[in-house]
Structures are given as C-alpha cells and as structure tokens.
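Here is what each chain is made of, one letter per residue.
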Amino acid sequence: MPGPVMPDQAIGTSMRNKDRISAFLTLLPSIILIGIFVYGFIGNTFWISLSDWGGAAALAENPVKSYVGFANYLDLFTGFLGGGFRQDLVNAVFYSVMLLAGAIGIGLILAMLLDNKPRGESFFRTVFLYPMSLSFIVTGTIWRWMLAPQGGVNILPTYVGLPPLRFPWLSSTDAILLFNWQNLLPIALYLVSLVLIIWGLWRLKNNPAKALVLLIPGVVVGGSVWLWGDLLPQALFMEEIHGFNTATFGIIMATIWQYSGYTMALYLAGFTGISQDLRDAAMLDGASTAKYYRYIALPMVKPITISAIIILSHISLKMFDLIFAMTGPDNGQTGHPALNMYLTTFRANDFARGAAIAIILFIIAATFIIPYMISSYRQRRSR
Amino acid sequence: MAQVELRDVVKKFGSTQVVHGTNLTIEDNEFIVLVGPSGCGKSTILRMIAGLESVSGGEIRIADKPINEVDPVDRNVAMVFQNYALYPHMTVFDNMAFSLKMAGDSKQEILRKVNEAAEILELSPYLNRKPAELSGGQRQRVAMGRAIVRQPSVFLFDEPLSNLDAQLRTQMRMELKKLHLKMKTTTIYVTHDQVEAMTLADKIVILKDGFIQQVGSPVEVFERPANRFVAGFIGNPPINMLPGVFHREGESSSVTMGALTLPVPEARNLQDNQRVLVGIRPDAIKAGDSVTRFPKEWRFTVDVVVAEILGGQSLLEFTAGKNTMIAELEGRILARQGESMELGFDLNRLLFFDPETELALY
Numbered sequence: 001m002p003g004p005v006m007p008d009q010a011i012g013t014s015m016r017n018k019d020r021i022s023a024f025l026t027l028l029p030s031i032i033l034i035g036i037f038v039y040g041f042i043g044n045t046f047w048i049s050l051s052d053w054g055g056a057a058a059l060a061e062n063p064v065k066s067y068v069g070f071a072n073y074l075d076l077f078t079g080f081l082g083g084g085f086r087q088d089l090v091n092a093v094f095y096s097v098m099l100l101a102g103a104i105g106i107g108l109i110l111a112m113l114l115d116n117k118p119r120g121e122s123f124f125r126t127v128f129l130y131p132m133s134l135s136f137i138v139t140g141t142i143w144r145w146m147l148a149p150q151g152g153v154n155i156l157p158t159y160v161g162l163p164p165l166r167f168p169w170l171s172s173t174d175a176i177l178l179f180n181w182q183n184l185l186p187i188a189l190y191l192v193s194l195v196l197i198i199w200g201l202w203r204l205k206n207n208p209a210k211a212l213v214l215l216i217p218g219v220v221v222g223g224s225v226w227l228w229g230d231l232l233p234q235a236l237f238m239e240e241i242h243g244f245n246t247a248t249f250g251i252i253m254a255t256i257w258q259y260s261g262y263t264m265a266l267y268l269a270g271f272t273g274i275s276q277d278l279r280d281a282a283m284l285d286g287a288s289t290a291k292y293y294r295y296i297a298l299p300m301v302k303p304i305t306i307s308a309i310i311i312l313s314h315i316s317l318k319m320f321d322l323i324f325a326m327t328g329p330d331n332g333q334t335g336h337p338a339l340n341m342y343l344t345t346f347r348a349n350d351f352a353r354g355a356a357i358a359i360i361l362f363i364i365a366a367t368f369i370i371p372y373m374i375s376s377y378r379q380r381r382s383r
Numbered sequence: 001m002a003q004v005e006l007r008d009v010v011k012k013f014g015s016t017q018v019v020h021g022t023n024l025t026i027e028d029n030e031f032i033v034l035v036g037p038s039g040c041g042k043s044t045i046l047r048m049i050a051g052l053e054s055v056s057g058g059e060i061r062i063a064d065k066p067i068n069e070v071d072p073v074d075r076n077v078a079m080v081f082q083n084y085a086l087y088p089h090m091t092v093f094d095n096m097a098f099s100l101k102m103a104g105d106s107k108q109e110i111l112r113k114v115n116e117a118a119e120i121l122e123l124s125p126y127l128n129r130k131p132a133e134l135s136g137g138q139r140q141r142v143a144m145g146r147a148i149v150r151q152p153s154v155f156l157f158d159e160p161l162s163n164l165d166a167q168l169r170t171q172m173r174m175e176l177k178k179l180h181l182k183m184k185t186t187t188i189y190v191t192h193d194q195v196e197a198m199t200l201a202d203k204i205v206i207l208k209d210g211f212i213q214q215v216g217s218p219v220e221v222f223e224r225p226a227n228r229f230v231a232g233f234i235g236n237p238p239i240n241m242l243p244g245v246f247h248r249e250g251e252s253s254s255v256t257m258g259a260l261t262l263p264v265p266e267a268r269n270l271q272d273n274q275r276v277l278v279g280i281r282p283d284a285i286k287a288g289d290s291v292t293r294f295p296k297e298w299r300f301t302v303d304v305v306v307a308e309i310l311g312g313q314s315l316l317e318f319t320a321g322k323n324t325m326i327a328e329l330e331g332r333i334l335a336r337q338g339e340s341m342e343l344g345f346d347l348n349r350l351l352f353f354d355p356e357t358e359l360a361l362y
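Line by line, the protein sequences give chains A and B. Throughout the first sequence, residue numbering follows full-length UniProt numbering, covering 1 to 383 in sequence. Throughout the second sequence, residue numbering follows full-length UniProt numbering, covering 1 to 362 in sequence.
Looking at chain A on its own, in the form it has when it is part of the complex (with noise of 0.2 Å):
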C-alpha cells in the first residue's frame, strides 16, 4: 500500500539511484563496444545482404552498391546458381542433428557409467575429455589421416584377418535420403504433421485431451499435402535433389569425438549435483538403475540437455575449421553454409550473396537460442 514516504525510505530510493547511476556509467564502455561491433556490425551485414556489392568491380575504391531488396536471399534459395549452398544447408542439418543425436547420446552413455564410480573413473574422465582440449584443426587433421582411404580405420578389419573397409569416407559421392528441392513445401509439412502424430501418440496414454488437439492438426496436414499436395507452390523451376551426403558422415564422427567428452562433463556435473540421498530413496522405491535416470535423473538434469543442445547446434551451423582441415574448403560434397559464406565473400569477392549466407547463419542460430535465453531468464526472475 503506498503510504506517506518515510525518510528513509526517500534515502533508501535515493541510495538505489545513485546505484544506478554508476553502474550504468561501469557498463557504458562495453555497450558502446558491443553496440558497435557486434550489433553495429550485424546491422552492416544486413544492409549489405541487401544490396548487390560484388561482381568485377566489388574490390572498386568506392564500390557501387544499389539496393535489391531480397533478391540475395531468393537467389540463395530458389536461384538457378543456389543449388551449392542448398545442398551446404542440407548438409549443415543433417551435421547438426546427428551432432546432437550423436554427442549428446555417447556423452550421456558415458556420464551413466562414470556416474556409477567405475574403477579408475577420474582416469577415464580425463580421456575422455582430453579430445574437447584439441583445436578443431588438430582434430581434423588426426581424422583425415585416420579416414584415408588405404589406413586408418579402413584397415582395422585387417587386424583381425578381414578384409580390409573401401570405403571413400571423406571422398565418397553417394548421397542417401534424397530429396526434391521443388517439393520442399511438401516436405516440410510432411515433417510438421509426422511431428504432431508422434508427439499426439506419445501424450494419448496420459492426457487423451491434448493429444487430440496435436493428433486432429497432425492427420489433416498430412492427409491434406497427400491428396492436394500438387497445389502448392514449387520452391524451384527445375527438379534439383539433395540428400545426405556420405561423405559428410567422416567429419560428424570427428565432431561427435570431439564433442563427446565435453556433454560427459556437463552430465556428469549434473549427475554428482544429485544427492544419494535421492539414489538411495529411489533404489528403495524400486527403481533399478535404468528406471532411476530415466525417471530421476535425466528430468532433474534436464538444463544440462538444453544447455548442451543450444551449445552443440550453434557449434555445428559455424563449423568451418574442422571441415577445412579434413576435405579442404572446396569439397562440394562435404559443403557447409559457413564455408560457402567464406567462399562466397573471399573468393567470389561477391560481399552481398555472402552476407545474406551470414544473415541466414544468424537467424538459425538466434532461433534456437533466444527461447533457450528467454526461458532461462524468466526461471532467473521467478526465483
């Protein structure tokens, strides 16, 4: 209730002002900087993904730079010449979702069994870590050598008196899940209705309700792009495919290598911050330790999984170093957006196609990781 403002109550607001004052005047350096060079900056790749900077005379002392629009972006993703950097998006999904699935999975696997204190456990922790130690240029280059076609692991069959792997791992030109670019609407709402049907069947054992409103939207999606899906637009004028290409698999396993100890740490920090108390209680509730990490732990160190998911993706949309140091910048096949945004810019000299691929860079990342922010700072607040 407002009420007269007492004395020190008026001290009280001037002392906080006074607060505010200098800590705003503490933190005005570093948001100038950060102002400038990262969200300045940002702002600078935008404008100029919207212009047309590039071609012969890009390099000019005073290049001419008009406004397109978006025609960068449409280029990029329905052009005729976009078909590279289609298939390094492609790839760049795949790269992360196995990245995930991968990493996040070993590092878990890994985690549980430190987790139940195996002999020489603090011995294996630090193996296990040690990769995360390693420059991607490192990595890369012990896994090119370790990929090559007549050593490495091709021949680990051999130790054992089998005949020796063939596999073309960071060479190969086989490409599997493939798909037409043109019918990527399709696709896509393909996806989002297989999403709502998993997700409504999952939920139908314990709340029959919910998973009605996500299976009804799941079913008519589907049922409708199967019976009317010729109606809706193509994203090109031609038939182009892209698919996951195989020799993308060499570089996610290193990625995965590195990758593995680093969510083993996070989990087993999560995993020792349980008390045994809590082990101990569910050991007696009958859980075995399958069920206990499956109905204790994992959903208590559910932070960890986001933090690592957020950290992971946006490692795998900027990877660059690792790939160039395994296939070198110019393996079509092993492609990424952020090689091509090099290439792109530093090659071609062309600043706005490249800038545009930056811009796209960022609004995948900043997708998945503003939620992640939001979510964190409301739990913040609400303590």
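No lab work stands behind these hints, which were simulated from the structure alone. You may find that some hints are simply not true.
Listed next, the stretches of chain B that the computed footprint assigns to chain A, with coverage defined by at least 3 CB atoms under 8 Å from CB atoms of chain A [as the list claims (entries may be wrong)]:
id, segment
1, 70-77
2, 93-103
Just a sample of chain A residues kept apart from chain B, beta carbon distances all over 10 Å, derived [to be verified]:
id, residue
3, P29
4, L59
5, G83
6, S224
7, P329
8, D330
In this text, a Cβ means the ideal position worked out from N, Cα and C, and glycines have one as well.
Position chain B relative to chain A; hints supplied.
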C-alpha cells in the same frame, strides 16, 4: 508387520570397522529408537537394514527371513531421510506414487493409496505442488507419505526431524507417535536427540563407537543406566557425576564426596572404602515445600552459584561440600550467588558406577 533381528552384525568400511557384532531383536509393531552421538554407527545399522549398505558380517532377518542378499526394494521396508530426499521435479502426488508406479500398480490403485495417505497426513490440498513450494513440515509429511503408501512391514527413520525448527519438531514428534499408534508398523528410528528417543520409543538402544551400550525402555535407561556413558547421555540437564568413597558401618552405609557425606538408604553390593562414581539426577534434588517430605538426614544446606528460570522450572547450580551440582527444580527459584538454601536429595535414586570399568553398580 514384522520382527527385525540383527545377529552378530558387523560393518567395515575398508579396514575400519564401525559396527562390531551387534545383536538386537525388534519385536513386531515395536517403536525402537537407536540413539547415540555422531559416529556411533546408528545410521549405518539403519542403512544396512534398508539394504543401502552391505553387511560385512553376521545376519539381518526380517520376518524370520535372512535378507543380507535381498534387494532393498524386496525387503518391504520404507525409509524417511533426514533431508526428506523428495524428487524435486515431481509433484507431491508423483513423489508419493513413484514406488507404486515402479511396482506396477494400476492407476486406480495408485490414486486410491496416495489419496488415502494424503488424507492421513493432511496433504490433500498440496498434491499438485512441487516440493520447493512446501514448508519444511509439509515436506516432512510428504516424505512420510511416500513411506506410508507402500504399506511396508518396517519403517526406517533417519533423523527425520532434525531439519525442523524446535516448535515444529515437537509437533511432528507427536504426529509421528500418533501415526505409529494408528498404523502399528514396526519402526526403527535413528536420532542423536535423546528427548526424541525418550518420548517416542517403546525401547531405546543406546550406541557408542559401534557397540550397543544398553537396550531398554525409556524409564529403564533413565533410572537404571547400564554404565556411566548411558547415564550421562540420557537426561537433560545431564546427570551430576562425582567421585566418592563408599562406607559401610554395620547396617548403615554412606558415601562421601569431598566434604559432603550422603547416607545410602538401600543395601548395595559395595565394599567398605570402595571408590565409586556417584550419579545424582538433577530432578532427584528438590527445593521448597517438597523438601519437608524427605527425612532430616536427606536435607542439606547448599550455596547457590547461579539460578536460571525456565518458565515453570528452574535450573540451580550450587555447591555442596565443594562439589558443584545442578538441580532441576519445580517453580521459579529466586536465589542469588552465595545465598544459602536447603535442598532435599532423593537418595533412593543415587546411582553408583565403577570408576575403572564405568559399569553401573547395583
């Protein structure tokens, strides 16, 4: 409902032995309290019964079946932990339902059992809350609810009240007692608080350094402690323990402590001139009107050191024949330092201990 039996139970951690061949029988429906200072092995014994620690030697039997090698969940015991060990990400309902879910009970069955337990513990309004949204006392009740729903044959409590404030602790103590009277389940309760032990137990087990010192009813361990440790551990304020010499002259006997000589009314199996430790409970000393009920030679004039008034009672520190003692007196004693005062000693309640073996001499 089950009897619990410990036969020569030993526990070693590495080369350190912490429980040394414990023998104990806990009868069906009994409320037994294991009490002792920290490190006495009481929690270890409890955890061995629960199956959270392995047994290094001997045998534990529940309902006449050896359970050394039985999984904790199959022992049909439920445990309440000191910090409650509630699952923080689950609601109160889910916390209480977890063991039933693990056991594969049907949904209706789980709902019925949890609601029943919530009713008993007055938790029904909070079933959808998370532990963080509950007060300490409510969390404590959820922890008990989680134990009750399983309808175990033995309840194990590991210092369940020590995280509560004093007032709540007293209240929960009574609720616990009532709960036991209602459920009549064999209960093993570990505490370092002798007041909890005295008020809750049918039978108290006093432990020190991994050895049982005495097993008995609260009154028994208070009035007839087996040794000096038990006498000192049980009772608050602690017993007055003074070195003295026993004298026997024909029919009458007495004990001399410095300049104070007390007649010993009962025939004791002690030698003339035997050195003893004399124990006098603070509540065996009286002041005011009740002094007149004692024979004349049981009354002494003492010098007041300090008097503390605790509401309806007073603690009086005094010297008698150069011995400093504490008395727990009824009413408010207003006395200053150096003042003289007449006190009556209930000499029937004198306790004697051997100064070497520290065992009680009766």
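*Against the structure, test the hints numbered earlier, and report the numbers of the ones violated in rising order.*
none
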